[in-house]
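Residue numbers (my numbering), protein chains in the order written: chain L, 5 to 379; chain H, 5 to 379.
Watch out, some of these pointers could steer you wrong.
What the hints assert, rightly or not - Quick list of the computed label-pair ranges, beta carbon to beta carbon: (1) L/351 <-> H/303: 42 to 48 Å; (2) H/300 <-> L/185: 23 to 29 Å; (3) L/370 <-> H/303: 39 to 45 Å; (4) L/126 <-> H/300: 53 to 59 Å; (5) H/26 <-> L/76: 55 to 61 Å.
Treat the hints as calculated values from the structure; they're not laboratory data.
Backbone N, C-alpha and C define an ideal beta-carbon position, used for all residues, glycine too.
There are 2 protein chains.
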Amino acid sequence: MSLQFRVLKEDKSSRARLGELTIGEKTIPTPVFMPVGTAGTVKAMTPLELKKTGASLILANTYHLSIRPGEKLIEKAGGLHKFMGWDGLILTDSGGFQVFSLPKIKVADEGVSFQYEVDGRAVSLTPERVIEIQKALGSNIIMPLDECVPYPCEYDRAKKAVKRTTAWAKRCKKAHVAKEELQTLFGIIQGSTYPDLRKQSTDSLLEIGFDGYAVGGMSVGEGLEMTKETLEETIPFIPPQYPRYLMGVGLPQDIIFSVERGIDMFDCVIPTRYARSATVFTNRGKIRLTHKDYKRDFYPIEPNCHCYTCQNFTRAYMRHLFSANEILGQMLASIHNLHFYQQLMSQIRQAILEHRFLPFKKEFLKNYLASLDTN
Amino acid sequence: MSLQFRVLKEDKSSRARLGELTIGEKTIPTPVFMPVGTAGTVKAMTPLELKKTGASLILANTYHLSIRPGEKLIEKAGGLHKFMGWDGLILTDSGGFQVFSLPKIKVADEGVSFQYEVDGRAVSLTPERVIEIQKALGSNIIMPLDECVPYPCEYDRAKKAVKRTTAWAKRCKKAHVAKEELQTLFGIIQGSTYPDLRKQSTDSLLEIGFDGYAVGGMSVGEGLEMTKETLEETIPFIPPQYPRYLMGVGLPQDIIFSVERGIDMFDCVIPTRYARSATVFTNRGKIRLTHKDYKRDFYPIEPNCHCYTCQNFTRAYMRHLFSANEILGQMLASIHNLHFYQQLMSQIRQAILEHRFLPFKKEFLKNYLASLDTN
Numbered sequence: 005m006s007l008q009f010r011v012l013k014e015d016k017s018s019r020a021r022l023g024e025l026t027i028g029e030k031t032i033p034t035p036v037f038m039p040v041g042t043a044g045t046v047k048a049m050t051p052l053e054l055k056k057t058g059a060s061l062i063l064a065n066t067y068h069l070s071i072r073p074g075e076k077l078i079e080k081a082g083g084l085h086k087f088m089g090w091d092g093l094i095l096t097d098s099g100g101f102q103v104f105s106l107p108k109i110k111v112a113d114e115g116v117s118f119q120y121e122v123d124g125r126a127v128s129l130t131p132e133r134v135i136e137i138q139k140a141l142g143s144n145i146i147m148p149l150d151e152c153v154p155y156p157c158e159y160d161r162a163k164k165a166v167k168r169t170t171a172w173a174k175r176c177k178k179a180h181v182a183k184e185e186l187q188t189l190f191g192i193i194q195g196s197t198y199p200d201l202r203k204q205s206t207d208s209l210l211e212i213g214f215d216g217y218a219v220g221g222m223s224v225g226e227g228l229e230m231t232k233e234t235l236e237e238t239i240p241f242i243p244p245q246y247p248r249y250l251m252g253v254g255l256p257q258d259i260i261f262s263v264e265r266g267i268d269m270f271d272c273v274i275p276t277r278y279a280r281s282a283t284v285f286t287n288r289g290k291i292r293l294t295h296k297d298y299k300r301d302f303y304p305i306e307p308n309c310h311c312y313t314c315q316n317f318t319r320a321y322m323r324h325l326f327s328a329n330e331i332l333g334q335m336l337a338s339i340h341n342l343h344f345y346q347q348l349m350s351q352i353r354q355a356i357l358e359h360r361f362l363p364f365k366k367e368f369l370k371n372y373l374a375s376l377d378t379n
Numbered sequence: 005m006s007l008q009f010r011v012l013k014e015d016k017s018s019r020a021r022l023g024e025l026t027i028g029e030k031t032i033p034t035p036v037f038m039p040v041g042t043a044g045t046v047k048a049m050t051p052l053e054l055k056k057t058g059a060s061l062i063l064a065n066t067y068h069l070s071i072r073p074g075e076k077l078i079e080k081a082g083g084l085h086k087f088m089g090w091d092g093l094i095l096t097d098s099g100g101f102q103v104f105s106l107p108k109i110k111v112a113d114e115g116v117s118f119q120y121e122v123d124g125r126a127v128s129l130t131p132e133r134v135i136e137i138q139k140a141l142g143s144n145i146i147m148p149l150d151e152c153v154p155y156p157c158e159y160d161r162a163k164k165a166v167k168r169t170t171a172w173a174k175r176c177k178k179a180h181v182a183k184e185e186l187q188t189l190f191g192i193i194q195g196s197t198y199p200d201l202r203k204q205s206t207d208s209l210l211e212i213g214f215d216g217y218a219v220g221g222m223s224v225g226e227g228l229e230m231t232k233e234t235l236e237e238t239i240p241f242i243p244p245q246y247p248r249y250l251m252g253v254g255l256p257q258d259i260i261f262s263v264e265r266g267i268d269m270f271d272c273v274i275p276t277r278y279a280r281s282a283t284v285f286t287n288r289g290k291i292r293l294t295h296k297d298y299k300r301d302f303y304p305i306e307p308n309c310h311c312y313t314c315q316n317f318t319r320a321y322m323r324h325l326f327s328a329n330e331i332l333g334q335m336l337a338s339i340h341n342l343h344f345y346q347q348l349m350s351q352i353r354q355a356i357l358e359h360r361f362l363p364f365k366k367e368f369l370k371n372y373l374a375s376l377d378t379n
């Protein structure tokens, strides 16, 4: 097995756990947050700055990269790590989540076909093809093609999607001949918000056998309460020795609630996307730097933060950069937000280690959700 | 005097010279190139990366900053250095060059009034006002308000502009009470392409007395040959003990030709502006990274370059970033171009030191201008 996962500590009052995930010579602590680098770059960040935030594992997008610049080019460049100058680990999602949100997608048992959102060209993806692409990219964690249904979704449709996802997972497993030690394959659990379908999906995937299990089809508008419920009805079916990944989630509070329910891995565009539109995270909630309140605010975004941005620049300067449409505003806000997320994960891990996850959660959320976030 | 300038070495075969310019505790070598940070940020660069390129002195724009975010706000923030997190030296141009290119400018003996290009608001600048703004910003090198004429320009108009520039220079000198040790004032020589007017302008400014002299009104479409001629007809009138600054110039070849004619200081938006549209400099000329030739080019922009970009990324990756409209493309290209310019200045200084400026010039231009630059 090319992935080792060890649970180091389990919280006594919740499902939260501290672990470590090893692929090749790289070991990273969990719970872990993966910054998103869809096109082979975490937007507005150099790999050097990204590393400094504490990121150890990032996510890139299989289908985007397969079209532009093409996985063959990346393979020729020596793989995605070398191409993008990232010496940490890389997980690639298959693109299932993205393509199922496209308007003209056609789904068949063989695979999916759709128009590429950038230039309208016809693209098709099959389970075998997504594995082939990810092999060429050299991803450390490979995700299979899955059928992602919208929310809300009728029972029968969700059931059919589970069936297809299972069939595709089997084909992916078969295509993934794990010769390469540094490439591991996860399964993706579907089933919408139906507990019996989630269980059925989990059981089928366990039978096929993967190195880790992702909860897919979330973050599609179901809301936090439904996410919590679904996790509570899914996680117990995944044996504890496997890493559990909640795809596409989320805000700081979502991450905390999900860790509490047993999730080890997260990815989300929020910290970088928000940063580029001037919204930054603080321990007292998120703030919008373009707000007039910050015009003469000569404090850093977060006074106790050790990131490059907070150590060197004020909110007033950040506001000026965003008003003047200066790229540096997006760069500095991205540095801060990713640092904030990595700090959050680090605090979560420390809290689990010291048997105080629930008190940490209470304290963090008390501060974080206290402000009305009206900016 | 708050500025010390020492000529360390003079080239025997040209007017090129190696010097050092000291303001307060900071000493920088000349010839020097100043990256442009109009709005209080050198576009797409963190101050940390900027420092790493070798930049020691940057240029910011008085009139832009006075309007947004306002010099009072910057003063309250502790000055421009602190506001933008730059611990090197700062020169601010008065905005004369910029405002004289606006369509609705009104020029009177008192000063200029115009509409701010961003939001159309009415703004007026007087010699006293530009000094007041630059004092508040805390600029190390302050530029006076001057009347910049277009090219070509009739003799009478150029003559009137010289007269007004002289009168304004006097008022600037009066307004600049040099209590502050770290702030020094330069004069700007006008006179279009008329040798007698350039001499007249230089003589009048020398009589008023400044710490350095800038050749203004260049880079307005007169072309390289005319720039060379004007420099040859102007520089000899400036006594050698003063630093000489050629405003707004230029391409690598322009810098070399101007150093040859005795210029010590340069600023130009070219390296950063070109970078943002994917044009980068190499020792064999500039190249456009979006060109199809680079799709599978797995070499760095410049194989011998030590910048972060060339040490970590290929032309193929850079091309991918620009095709995907990723900000990182602009960031990495800016790092490389500014590094290239600072390297050029460093090579120029080394060549002067070793009495081989003309051979260096010949060698550099032979390589640099060899390609047809068709990309």
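Here's how the hints hold up against the structure:
no., hint, in the structure
1, L/351 <-> H/303: 42 to 48 Å, "holds, 43 Å"
2, H/300 <-> L/185: 23 to 29 Å, "holds, 28 Å"
3, L/370 <-> H/303: 39 to 45 Å, "violated, 54 Å"
4, L/126 <-> H/300: 53 to 59 Å, "violated, 24 Å"
5, H/26 <-> L/76: 55 to 61 Å, "holds, 56 Å"
In terms of the numbered hints stated before, the structure departs from hints 3, 4, listed from lowest to highest.
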